[in-house]
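Residue numbers (the working numbering), protein chains in the order written: chain A, 574 to 818; chain B, 574 to 818; chain C, 574 to 818; chain D, 574 to 818; chain E, 574 to 818; chain F, 574 to 818.
Since the hints were made in silico from the structure, they are not lab data. What you are looking at is a predicted structure, and each value in this text was computed from that prediction instead of being measured.
Incomplete in silico selection of chain D near chain C, CB under 8 Å:
1) 620
2) 666
3) 667
4) 701
5) 745
Derived coverage of chain B by chain D (criterion: at least 3 residues anywhere in the stretch with Cβ under 8 Å from a Cβ of chain D; other residues may be distant):
6) 620-630
7) 695-708
Counterexamples of contact, computed for chain F against chain D with all Cβ distances above 10 Å:
8) 634
9) 662
10) 670
11) 705
12) 769
For glycine and all other residues, C-beta sits at the position ideal for the given N, C-alpha and C.
Below, each chain spelled out in residue letters.
Number of protein chains: 6
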Amino acid sequence: MIDSNTNVLVISAHAADFVWRGGGAIAKYVKNGANVQLVVLSYGARGESNDLWNIEGQTLENVKTTRKEELLAAAKCLGLTEENIEIWDYQDYHMEINEERMERLTRKIREVKPHIIITHGPRDAFNPDHESVSKFVFDAAVLSTSNGVRLEGTTTAKQAKIFGFEPHQSEISSFHPDVILDVTDVYEQKKAAMACFGAQGHLISYYGYKAELRGNHARRCSGNNSYKQAEAFSRFFPLVGEELV
Amino acid sequence: MIDSNTNVLVISAHAADFVWRGGGAIAKYVKNGANVQLVVLSYGARGESNDLWNIEGQTLENVKTTRKEELLAAAKCLGLTEENIEIWDYQDYHMEINEERMERLTRKIREVKPHIIITHGPRDAFNPDHESVSKFVFDAAVLSTSNGVRLEGTTTAKQAKIFGFEPHQSEISSFHPDVILDVTDVYEQKKAAMACFGAQGHLISYYGYKAELRGNHARRCSGNNSYKQAEAFSRFFPLVGEELV
Amino acid sequence: MIDSNTNVLVISAHAADFVWRGGGAIAKYVKNGANVQLVVLSYGARGESNDLWNIEGQTLENVKTTRKEELLAAAKCLGLTEENIEIWDYQDYHMEINEERMERLTRKIREVKPHIIITHGPRDAFNPDHESVSKFVFDAAVLSTSNGVRLEGTTTAKQAKIFGFEPHQSEISSFHPDVILDVTDVYEQKKAAMACFGAQGHLISYYGYKAELRGNHARRCSGNNSYKQAEAFSRFFPLVGEELV
Amino acid sequence: MIDSNTNVLVISAHAADFVWRGGGAIAKYVKNGANVQLVVLSYGARGESNDLWNIEGQTLENVKTTRKEELLAAAKCLGLTEENIEIWDYQDYHMEINEERMERLTRKIREVKPHIIITHGPRDAFNPDHESVSKFVFDAAVLSTSNGVRLEGTTTAKQAKIFGFEPHQSEISSFHPDVILDVTDVYEQKKAAMACFGAQGHLISYYGYKAELRGNHARRCSGNNSYKQAEAFSRFFPLVGEELV
Amino acid sequence: MIDSNTNVLVISAHAADFVWRGGGAIAKYVKNGANVQLVVLSYGARGESNDLWNIEGQTLENVKTTRKEELLAAAKCLGLTEENIEIWDYQDYHMEINEERMERLTRKIREVKPHIIITHGPRDAFNPDHESVSKFVFDAAVLSTSNGVRLEGTTTAKQAKIFGFEPHQSEISSFHPDVILDVTDVYEQKKAAMACFGAQGHLISYYGYKAELRGNHARRCSGNNSYKQAEAFSRFFPLVGEELV
Amino acid sequence: MIDSNTNVLVISAHAADFVWRGGGAIAKYVKNGANVQLVVLSYGARGESNDLWNIEGQTLENVKTTRKEELLAAAKCLGLTEENIEIWDYQDYHMEINEERMERLTRKIREVKPHIIITHGPRDAFNPDHESVSKFVFDAAVLSTSNGVRLEGTTTAKQAKIFGFEPHQSEISSFHPDVILDVTDVYEQKKAAMACFGAQGHLISYYGYKAELRGNHARRCSGNNSYKQAEAFSRFFPLVGEELV
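Kindly produce the complete structure, drawing on both the sequences and the hints.
So this is what it looks like as structure tokens:
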């Protein structure tokens with residue numbers, strides 16, 4: 574059950590990943606009262622802002638400013654406020670992971686103490702940053718639970734469940750849809766959030782179609798016809814619990 | 574949530590499979606009030622009764638009688654009564670699947686209208702019967718939902734979730750533990766049920782150790798140290814629902 | 574290059590499979606002058622006509638009649654005429670493959686001598702018929718090339734390239750999109766063909782979305798932005814040729 | 574160690590499979606004194622005798638006669654005598670497995686009591702017979718060890734190690750070379766055996782090249798430069814023993 | 574179709590990789606008028622020059638000189654001139670990839686604007702350098718297409734098709750032969766090129782045998798008996814196009 | 574055959590890995606007279622000493638001291654003396670691999686000239702250090718055989734066989750049990766060694782159960798009922814030899 578005791582940490586490699594791939598999940602958890610924290614590691618200025626760079630005289634600072642406005646507007650549509658969001662402004666394409674960054678994320682996980690982490694899955698064709706971030710998050714999550722990893726001012730976290738976003742081209746990224754999350758009741762919010770990324774119209778329709786396809790799969794796998802739109806996620810390790818779900 | 578509205582159908586290829594591999598799950602669902610139905614397809618007289626055949630002058634009828642007594646006693650330990658159990662007495666090793674049997678199982682699924690089906694997973698090294706039964710159950714489950722498959726006196730079922738037992742040698746059977754079910758609170762019942770198969774002492778200890786190992790995995794994956802014993806299952810298709818579990 | 578020397582054989586398990594999954598390919602080959610032959614193995618009366626069976630007083634004969642009208646209308650939209658189509662009217666769900674049917678299909682392949690065969694791929698979750706047909710077609714294709722398989726009145730075929738349709742839920746069917754075929758220039762025909770299956774509105778939109786997603790993948794993998802809609806296929810064995818394509 | 578207490582059973586789907594793919598292994602075991610028994614299930618008259626059928630006026634009986642002469646001559650080169658060979662003369666392409674045949678092979682295994690079974694591996698692209706035979710042999714081997722499978726005049730066998738031949742196109746058959754067997758010291762015998770299949774010159778050179786490539790792999794994996802020619806096999810289940818080999 | 578508008582970039586980790594594994598492809602593209610550029614990242618002085626180091630008093634400089642002469646001679650046999658070749662002289666075993674090198678290769682790709690890139694595939698047992706280079710090339714190819722990656726004096730490239738060389742031991746390197754390229758008409762050139770690496774006689778025969786085996790596969794998969802020798806490649810992502818090839 | 578000419582090198586990421594996962598193998602090789610060398614890369618102070626850090630006022634130095642005492646005591650139980658052991662005291666969680674460390678391990682391999690290397694396998698869920706060490710050891714083993722890798726005072730090693738420990742959660746680590754080693758005759762030693770890690774009682778029972786389960790698998794796969802306890806290992810590349818084992 575989702576409620577105000579549920580802590581969720583979303584880690585997005587670039588400015589818009591959390592919207593295309595997890596916007597429904599975020600809106601759903603926020604709506605149900607969960608404490609959702611978002612870390613955006615980069616603006617995606619180099620690798621995911623092609624349309625902006627097509628503008629004559631574009632500059633890196635200006636791209637970042639635009640992306641920041643878009644991502645904050647989108648996050649707002651999903652129910653997040655600025656206090657829930659950190660932007661770490663790493664360079665993208667390629668994103669480098671080093672010891673200082675590992676410690677920073679480990680600290681963040683210990684601070685949030687998430688029950689659920691949502692981030693990129695291990696394989697994502699055409700997007701090496703997403704693969705690096707997936708390993709980065711997993712490794713930091715492991716460190717966060719180990720009390721021999723001494724970080725002043727922190728206490729260890731319990732092992733969070735980790736879910737992977739669906740990559741853009743799922744089959745060539747070895748994606749397995751372990752969980753299909755119904756997002757019907759928050760889908761209007763996701764649509765509004767996607768619309769904030771005006772320069773990427775092709776992705777808005779793309780992820781709109783995806784939501785419908787996953788809704789179809791949700792109906793077929795469950796026999797429940799009330800599902801309209803859905804998002805798919807991979808699990809990083811087995812589900813553990815008190816019933817067969 | 575498990576309650577009296579939860580219908581569960583367990584399909585076991587041989588006399589004892591449901592105990593070694595799903596005894597905890599059965600006891601747990603029964604204990605929580607679910608309606609659990611068990612179909613045992615064969616006595617395992619040819620393929621899984623080696624110890625009985627070591628007795629001088631053994632006969633097929635006698636083996637079946639012994640296996641029947643054992644399985645009913647074990648089922649009782651798990652909380653099942655004879656009304657919950659059907660034994661179809663097919664020949665094992667090899668178990669043949671034909672059209673009449675497919676119709677029979679399709680009818681059974683339509684009658685029980687299970688939310689959950691528990692049976693053998695698709696691969697099980699050294700046990701061709703288990704692999705045949707896995708496909709048999711899956712195919713019947715598909716037929717049961719299709720209203721063009723006209724079986725007098727039946728109405729279509731909704732798509733059940735299907736879970737696969739852990740095979741004996743998991744890695745060489747490509748088993749993936751999608752769900753690890755905590756069975757701590759019913760583990761004494763499972764132990765009692767296993768003890769009913771007196772001639773198979775090596776399996777009693779084997780599945781006892783398994784339960785402990787899966788309990789360890791349950792703790793590591795969840796951070797929840799109250800889990801002591803567990804059972805692992807594969808899922809036949811994605812989990813669909815309203816939260817990330 | 575596609576021209577009037579190109580022979581194509583499409584084998585569809587049920588009435589509408591060739592439209593949802595290969596309608597663009599068929600229309601494209603017909604448009605470019607290829608000789609396209611279609612074999613529809615069944616009407617899908619039991620397994621893929623749920624909506625028709627929801628009509629009070631429905632009969633098997635009536636379902637078949639409806640499905641036949643629909644499939645012929647759809648085939649016409651794709652450019653096929655009745656001479657190009659055979660309907661073998663096998664029972665579906667489950668479709669049985671036997672020696673007589675194997676010989677019939679082997680004969681058909683020897684008669685058409687296809688350069689390309691398009692049919693179901695080896696795995697298709699929730700659709701056991703599609704899996705049976707995939708093996709059926711592959712095995713018949715092997716037999717068709719062997720001159721020790723003596724079938725009066727036939728001569729052996731050369732090994733055809735075999736392509737697998739994209740299954741409904743690709744990732745859980747281990748589908749690999751080896752070839753993404755641009756169908757932009759025939760997409761209106763495919764839409765018209767899909768519209769012939771009036772009772773299956775949810776599939777019409779489903780496969781419409783799919784075409785757009787595959788169009789997006791086509792653009793990303795090639796850098797060619799003229800691609801709008803596409804269909805994906807698996808290959809049954811390696812591409813052989815005179816250049817790296 | 575190979576010696577006169579070592580029982581080996583080789584099961585070949587067609588007339589020449591045991592030569593191309595396991596001729597070196599057979600010669601090596603015979604040379605070292607092992608008791609090697611060969612069962613050839615068919616003459617391969619329909620599926621693997623293309624060259625013979627190119628002869629004007631060819632008949633099935635004549636093809637079988639030719640294949641029989643070739644296979645006996647080849648077996649002789651490998652050190653086998655006619656007492657070591659059974660030809661079951663099943664129809665090939667497709668080879669049907671039924672209950673009577675399963676019992677026959679189970680009996681054979683119980684009679685030979687092999688320590689090692691060599692046969693086709695589970696996947697073999699373009700050769701459905703090989704895949705059927707692989708499952709046939711594995712299933713019979715399982716039955717042979719179960720004392721509830723009562724076959725008059727037989728006693729149960731111990732579980733044999735089972736090795737799979739390398740298929741013709743290894744990568745598209747998911748072949749894993751678990752064991753690479755040095756056949757340098759018997760390679761001349763294998764060459765002589767291959768030469769008995771005069772009509773299949775392209776295979777003689779093909780398997781000659783293969784032996785050299787596997788010899789190269791043997792050297793690279795072991796650092797032992799005395800290996801010249803080798804054969805690769807898959808294992809059906811883990812190696813068990815007293816050292817790490 | 575290959576012609577003078579076809580740009581090809583070949584990236585070879587060590588001095589001879591492009592010859593053993595892609596010499597036929599290079600010769601074929603050159604012969605058909607394509608613009609083929611070759612980057613050799615290292616001389617392979619540490620890891621692939623064992624025979625040279627067996628010479629008493631050998632020095633690193635001398636090894637490099639010898640390798641350079643050999644590779645230039647071999648490239649000439651394939652139709653390349655020195656203007657088509659760059660040798661970057663990185664240290665091998667292990668080859669380090671850093672930001673400066675990533676930028677250099679990204680620039681190179683933007684300069685050549687290849688339609689086709691040929692390099693090492695993602696897995697290559699016993700050769701960690703090949704695996705590093707595979708990722709290096711893929712990542713640089715992704716960067717080369719993104720207009721947010723600003724490199725003065727360059728313009729973005731379109732996404733190239735990327736093909737992976739066959740690794741030395743294909744099955745244990747998870748190699749999938751997606752494309753088998755007929756090299757019959759340029760095979761004499763490849764033989765001449767291989768002969769330039771005099772100290773590696775065992776590889777000359779090894780890759781000679783490989784070419785024959787792949788020729789056999791080419792014939793079997795296509796039914797085209799004019800293919801004699803061939804080379805196999807993996808594809809990094811799906812084929813996109815206007816027909817089913 | 575194991576004897577005094579057999580050189581074994583065991584490389585353990587943390588203080589206790591070699592005991593839980595390879596203690597039986599070590600004891601067996603020592604008992605049979607082999608020359609077994611152990612390198613422990615770290616004390617596991619940060620990642621595998623949770624229980625010690627639960628002690629009030631714990632320090633890193635004290636944790637290392639405790640771990641050192643435990644590991645030396647355990648190694649002694651397995652028959653190793655301090656001359657056979659090197660502790661490199663790298664920081665764990667995460668363990669960094671750099672050029673100096675690569676050279677150090679390459680030297681060590683050239684010094685020991687192992688026939689067998691035992692270390693971590695390539696995948697180990699929840700344990701990124703184990704994965705890094707697996708690649709570290711494999712790469713160093715490759716370098717150790719190449720005579721172009723000039724390290725003063727060393728001579729090249731022959732290619733060792735490399736075996737991977739069973740990871741803690743085998744199925745989610747893609748572990749394949751290629752070899753199951755009977756450790757019945759040294760199992761008391763392993764138990765004694767495990768008991769040296771007093772603070773990790775849950776692992777002592779865990780690996781005790783594992784040994785029994787693997788013993789069961791050993792019996793089933795071989796038909797040899799004398800096997801009681803066993804350890805499973807993966808192979809890094811194919812077995813090469815003179816018989817089918």
